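S.K.: Sequence:
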Amino acid sequence: MEKNIKFPIIDLSKLNGEERDQTMTLIDDACRKWGFFELVNHGLPYDLMDNVERMTKEHYKKHMEQKFKEMLRSKGLDTLETEVEDVDWESTFYLRHLPQSNLYDIPDMSDEYRTTMKDFGKRVEDLAEDLLDLLCENIGLEKGYLKKVFQGTKSPTFGTKVSNYPPCPKPEMIKGLRAHTDAGGLILLFQDDKVSGLQLLKDGVWVDVPPLKHSIVINLGDQLEVITNGKYKSVMHRVMTQKEGNRMSIASFYNPGSDAEISPAQSFVDKKDSKYPSFVFADYMKLYAGLKFQPKEPRFEAMKNAEAAAVLTPVAAVETF
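First residue of the sequence shown? That's 1 in full-length UniProt numbering, and the numbers climb one at a time after it.
It should be emphasised that the hints constitute simulated quantities derived from the structure, not laboratory data.
On a predicted model such as this, the values are computed, not experimentally measured, just so you know.
You may find that some hints are simply not true.
[Claimed, not checked] FRET-style restraints, in silico, Cβ to Cβ:
#1 Gln66 x Asp208: 38 to 46 angstroms
#2 Asp78 x Lys194: 31 to 39 angstroms
#3 Glu172 x Lys61: 22 to 30 angstroms
#4 Pro167 x Pro107: 20 to 28 angstroms
#5 Glu297 x Lys147: 22 to 30 angstroms
#6 Glu261 x Arg54: 23 to 31 angstroms
#7 Gly144 x Pro107: 36 to 44 angstroms
#8 Asp208 x Lys67: 27 to 35 angstroms
#9 Lys118 x Glu70: 24 to 32 angstroms
#10 Asp105 x Asp259: 22 to 30 angstroms
#11 Ser278 x Asp119: 32 to 40 angstroms
#12 Arg114 x Asp193: 30 to 38 angstroms
#13 Lys6 x Asp105: 41 to 49 angstroms
#14 Ser267 x Lys6: 39 to 47 angstroms
For glycine and all other residues, C-beta sits at the position ideal for the given N, C-alpha and C.
Using the sequences and the hints, build the whole thing.
M.R.: Here's what the structure looks like:
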């Protein structure tokens with residue numbers, strides 16, 4: 001990281017004191033200039049976070065590590081000789097919380113792990129909704145506006161991607177996760193505090209997101225860029241592989257419901273003219289499925305033209321969170 005670039009780390013507890021205005025300004029500045037920020041003193045119990053980390057690493061070791069090694073062999077990645085650009089070096093499973101949980105459908109999870117992840121998911125969901133209201137306050141939208149938009153006719157989509165990034169013998173040959181912006185709304189990440197790897201692109205420079213004990217990293221998805229008419233932006237980010245250490249990543253995605261109608265808030269649009277499209281979230285996800293690792297701007301352009309979007313055939317399945 002360049003010396004003059006200081007990643008935004010925000011103490012959320014200061015919202016309750018004399019430094020509230022300053023803290024709100026820091027959040028707004030991070031949303032406008034970074035698309036990322038890191039929260040400390042966010043209210044999630046540290047003992048719960050410690051249990052989530054311990055059980056996630058135990059689950060990987062017991063149930064997923066061997067499968068990951070078999071995947072590497074099947075794809076010929078166990079003996080990397082040339083750079084690979086179409087595969088990610090990660091072991092992942094998905095938990096869906098809303099609109100309907102799949103927590104009890106995930107194989108091999110212990111009862112204790114399920115209970116812990118259910119508790120963790122609910123607390124992160126509450127934090128996400130609090131943050132959405134803070135964004136509304138900062139940017140001049142009425143309280144609850146973003147939550148209402150995300151609701152659609154039934155419920156927002158909320159889920160967690162549980163990932164491990166095992167040691168890679170040749171990290172220069174393959175990414176842990178290729179560069180992309182997130183399709184959805186608000187992403188809340190509980191990441192490993194010992195093994196780094198997450199980077200974001202700022203002003204043409206890849207910047208490390210610092211691994212801090214018990215922090216929650218926040219980043220904005222494409223939908224918030226659209227709704228704010230570009231005042232807030234989603235940002236390209238990636239995960240770099242490491243020679244040592246298994247990096248844990250627990251990313252929770254608070255996204256619009258599948259039938260939610262997304263468009264720039266009217267107060268941000270001059271004379272009904274906007275550089276961003278209006279669309280149904282599920283339609284955007286269909287487009288995103290095949291274009292995840294490409295720049296977001298052509299996706300926005302394609303969504304402006306329903307006919308153009310209709311002829312694009314997704315080439316890969318992508319979770320809606």
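S.K.: So which hints don't hold here, by number, going up?
M.R.: Hints 1, 2, 6, 12, 14 contradicted; others consistent.
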